[in-house]
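Each protein sequence line maps, in turn, to chains A and B.
The first sequence: position 66 = 66 (the numbering used here), numbered continuously.
The second sequence: position 62 = 62 (the numbering used here), numbered continuously.
No lab work stands behind these hints, which were simulated from the structure alone.
Misleading hints may appear alongside valid ones.
Here are some chain B residues pointing at chain A (derived, C-beta under 10 Å) [what the hints assert, rightly or not]: (1) R6; (2) D9; (3) V47; (4) Q49; (5) R56; (6) R92; (7) A237; (8) A238; (9) L241; (10) I242; (11) S245; (12) K248.
Backbone N, C-alpha and C fix where the C-beta goes; we use that ideal spot for every residue, glycine too.
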Amino acid sequence: MDAIIQFDNVSKWYPSYHSVTGGIKSVLFDFPEFLRSLRRRHLAIENVSFSVGRGEFFGVFGRNGAGKSTTLGLIAGVLVPSSGRVTVRGRVTPLLQLGAGFHPDLTGRANILLNGMLLGMTRRQVRAAEDEIIAFADIAEFIDEPIRTYSSGMLSRLGFAVAAHSDPEILLMDEILAVGDVGFKVKCHQRIMEMRQNGVTVVLVSHNPAELVQYCDRVILVDQHRIARIGDPAEVLREHLTPKEPSGVCAQ
Amino acid sequence: MFARNRQLDLIYVLARTQLKARYKNAALGYLWSLAHPLAFAAVFYFVFQVIMPSSRMNMAAFLMTGLFPWQWVGNSVNQGTMVFIDNGALIRKVAFPRYFLPLSMVLQDGWHFLLSLPVLLAILWVSGIAPHPGLLIGVPLLMLNQAGILLGIALALGSLNMFLRDIQHLVAIVMMAAFYGTPIIYEAQQVPAAYRWIPAVNPFTSIIGGWRSLLLDGVVPWSEIASGAGMAVVCLAAGGLIYHSLSKRFAELL
């Protein structure tokens, strides 16, 4: 299998920035604590190795704080690993969350251009795909209005539409399937399946085991900053698919 | 990952986006970018010509030739300090070269300045200072120097502000001091000898002095252009170094 994303013994820890970004005050008034905090580190993921094949639909599952977003950030190239190596052989298109890469005072049309180019399209490509994007997002009558007047549903439709038409090689999705009305979800689903058939690699981070089982070829379960399990979604997520007693979860 | 022309395209689109967004909700749009330095000039004119009259000829022209370029300086330094923080959502998600943000911002402010120049030149002409061919060479060179200096400063301050948010408050104070520490509402020769070092170390002195020679005295200020270019190289090198060593961590800080 031709690996498009590869993690070799990747660890990522963050220095404790809190005291630094807390400002000069915390540096001056509690200098010993400041020094101590410089040595303190938060572990996000530790010795993680996996690879994603070209055209694969790959899921990442884990609790809050398990290291899912760090994994996604490392794939997107916005984070640098503390040790180990991340290799990505293709253009990464992150599906932007509400507001990211959009300017509220600009029209939908101007935002399509801005967002599309940030996702790696040329101006000509954006222009060529513009009508399709507008039609897909179903916002034709508002397209020349500033997007601060848009509803959150319209914004997420626009965001997905731009990413879906940006000819992605690797699409990163962070819980994005959770937004939008039923009609749009169906359209998203169709579009994702279409992209998949065209050989697009998709990495989906989700809290929702059922969604991962529905879409993914393989899933990693991230627990305690490490990969607890990797493989067939139904198998990896077996115990997460049957709802547990809430008290049982809390008792852990 | 990014082809060269796509990079240039993105810088252009980012700059145009900021330009469009800047006055999107203001009915008078671009006129506000003229109103600001003109209003400042009017206030200082009142102070220096009416309240405490100076012997200077053509005080209004003198003030405007300093205040118009300073408008660009003030905007770029203040916004440059915030440029990475304000685009945090983007930085956390998309791996594009982060310096595109300050670069497009400085270019956008420079474009504004360029658009205000014809108005300034017209006002100068009315007050008896005719445009001269030296402008054709002086304007681009001084703008290039100024853009370089401001980009260097924006890279440095924007990066440092990610780690230490106090920078933004400090910048507001320092820029206020820098306004009076730069020969804008006075001339460099008026500074007492003991304090000459202030305009000497100030990166904006050669810029404002250069504009003044070009616009007011009608000469191409080669010595200021040379010292401004040197200052631009220093600022870009320092800013680039700070940016280079910090930018990898930007996404962790937001």
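Here's how the hints hold up against the structure:
1. R6: holds, 5 Å
2. D9: holds, 5 Å
3. V47: violated, 35 Å
4. Q49: Hint on Q49 (chain B): violated, closest Cβ of chain A at ~39 Å, above 10 Å.
5. R56: violated, 42 Å
6. R92: holds, 6 Å
7. A237: Check failed: Cβ of A237 (chain B) comes no nearer than 23 Å to chain A, outside 10 Å.
8. A238: Cβ of A238 (chain B) sits 21 Å from chain A, so the hint is violated.
9. L241: Given a least distance of 18 Å, the restraint on L241 (chain B) is violated.
10. I242: violated, 15 Å
11. S245: Hint violated; S245 (chain B) Cβ to chain A Cβ min 12 Å, cut 10 Å.
12. K248: Cβ of K248 (chain B) sits 5 Å from chain A, so the hint holds.
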